[in-house]
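Number of protein chains: 2
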Amino acid sequence: MNNQLLNYIHKYISLTDEEQIILLSRIKHRKYLKGQYLVQQGDICKSEYFILSGATKTFYVDAEGQEHIVMFSIENWWTSDMGSFISQTPADYNIQCLEPTELFQFSYEAVEELYIKIPKLERFFRKIIERALVASQKRIVRNFSLSAKERYLIFKKSYPQIEQRIPQYMIASYLGITKEFLSKIKSQLIQSQ
Amino acid sequence: MNNQLLNYIHKYISLTDEEQIILLSRIKHRKYLKGQYLVQQGDICKSEYFILSGATKTFYVDAEGQEHIVMFSIENWWTSDMGSFISQTPADYNIQCLEPTELFQFSYEAVEELYIKIPKLERFFRKIIERALVASQKRIVRNFSLSAKERYLIFKKSYPQIEQRIPQYMIASYLGITKEFLSKIKSQLIQSQ
Numbered sequence: 034m035n036n037q038l039l040n041y042i043h044k045y046i047s048l049t050d051e052e053q054i055i056l057l058s059r060i061k062h063r064k065y066l067k068g069q070y071l072v073q074q075g076d077i078c079k080s081e082y083f084i085l086s087g088a089t090k091t092f093y094v095d096a097e098g099q100e101h102i103v104m105f106s107i108e109n110w111w112t113s114d115m116g117s118f119i120s121q122t123p124a125d126y127n128i129q130c131l132e133p134t135e136l137f138q139f140s141y142e143a144v145e146e147l148y149i150k151i152p153k154l155e156r157f158f159r160k161i162i163e164r165a166l167v168a169s170q171k172r173i174v175r176n177f178s179l180s181a182k183e184r185y186l187i188f189k190k191s192y193p194q195i196e197q198r199i200p201q202y203m204i205a206s207y208l209g210i211t212k213e214f215l216s217k218i219k220s221q222l223i224q225s226q
Numbered sequence: 034m035n036n037q038l039l040n041y042i043h044k045y046i047s048l049t050d051e052e053q054i055i056l057l058s059r060i061k062h063r064k065y066l067k068g069q070y071l072v073q074q075g076d077i078c079k080s081e082y083f084i085l086s087g088a089t090k091t092f093y094v095d096a097e098g099q100e101h102i103v104m105f106s107i108e109n110w111w112t113s114d115m116g117s118f119i120s121q122t123p124a125d126y127n128i129q130c131l132e133p134t135e136l137f138q139f140s141y142e143a144v145e146e147l148y149i150k151i152p153k154l155e156r157f158f159r160k161i162i163e164r165a166l167v168a169s170q171k172r173i174v175r176n177f178s179l180s181a182k183e184r185y186l187i188f189k190k191s192y193p194q195i196e197q198r199i200p201q202y203m204i205a206s207y208l209g210i211t212k213e214f215l216s217k218i219k220s221q222l223i224q225s226q
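Residue numbers (this note's numbering), protein chains in the order written: chain G, 34 to 226; chain Y, 34 to 226.
Just so you know, not all the hints are guaranteed correct.
Since the list gives no way to pick one copy over another, a pair counts as held whenever it fits inside one copy or between any two copies.
[As the list claims (entries may be wrong)] Straight-line Cα separation of at most 30 Å, DSSO-like style, residue types lysine-lysine; simulated pairs:
1) K219 to K182
2) K44 to K171
3) K61 to K171
4) K217 to K189
5) K61 to K160
6) K150 to K44
7) K212 to K61
8) K150 to K212
9) K219 to K44
10) K182 to K44
11) K153 to K171
None of these hints come from the bench; they were simulated from the model.
Can you build the whole structure from these sequences, using the hints too?
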């Protein structure tokens, strides 16, 4: 469990034994049930989360009550409402567990303290946020320039383990299409094989 | 010119006089003409750019030759093809000057060297990339959940100085709508005033 996080961090930076102890002493191990929320729209997102196992969805409910899925997160991914977390203002998004989910919780205070005690964590977070930004920008372009079928194929490639784990209507919401249209795409793909 | 950059950086971190000298010695001041490219799709994006004056568009040309505008950047903004820059692989996007543009160029080698010489720049870039990620995620949600008219109003608010500076068809491309539909939205807005 600790090793899962440390192995992940060591892909980007090296921590001494002492730094590892400091880091692990400042974060909390938590288990959430399926359906529980890490963050609710309107609350302040007080933590960033490193997922050890399970899956979450980040979504936004618009004025008409319609749910829009921004992202899914699975084991070895980070999740948070970044806008809310960095400015400690009310969250735009909900993050809900789609499965029983085990994670490490990095509170705002812990992260700020860790940046001071272990300055190279700045480098670590800088690098993972850069990657998240690249993924986010690619998604904007895909939504403009690719057909729903092409976006579905990229989704399958980006989240190879997830499709069996989550309901179809959520995948449709993530792709910005109806559930019926997603079924149509899938049967077209089967026929063309 | 140097002060414009240093004032911007000092909003996030403090640099000593010596650090300011190191920083300024590693970056290049450049002027580009209207129409020139900072990065071309398929080339490696070798630098990150801090814009002192002028404006750029970041765009993607799809297989059908259609142009999709990902973002505009103006004075005191950063621009680069982040995915290409961090991995030094071919760029997905073009960045072209919409006006004569003056900027500071941070080459990949300079940035890597600066992170070693001035480690607190990790914090600076971590913070500005966090903000860019928040903006990018908000744009994804807006594209799903808001009407073109609402997205146009947010565009006007986000880029208050830019609308008079760039052609309408580019704003339409950024919003993912046709130029004709943008005209319709604008005349509806005028009538409803």
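Results for each hint:
no.	hint	result
1	K219 to K182	within (8 Å within a copy, 32 Å between copies)
2	K44 to K171	both (23 Å within a copy, 29 Å between copies)
3	K61 to K171	between (32 Å within a copy, 29 Å between copies)
4	K217 to K189	within (16 Å within a copy, 37 Å between copies)
5	K61 to K160	both (23 Å within a copy, 24 Å between copies)
6	K150 to K44	both (20 Å within a copy, 22 Å between copies)
7	K212 to K61	neither (38 Å within a copy, 51 Å between copies)
8	K150 to K212	neither (48 Å within a copy, 53 Å between copies)
9	K219 to K44	neither (36 Å within a copy, 50 Å between copies)
10	K182 to K44	neither (34 Å within a copy, 44 Å between copies)
11	K153 to K171	both (28 Å within a copy, 29 Å between copies)
Checked against the numbered hints given earlier, this structure breaks hints 7, 8, 9 and 10; the rest are met.
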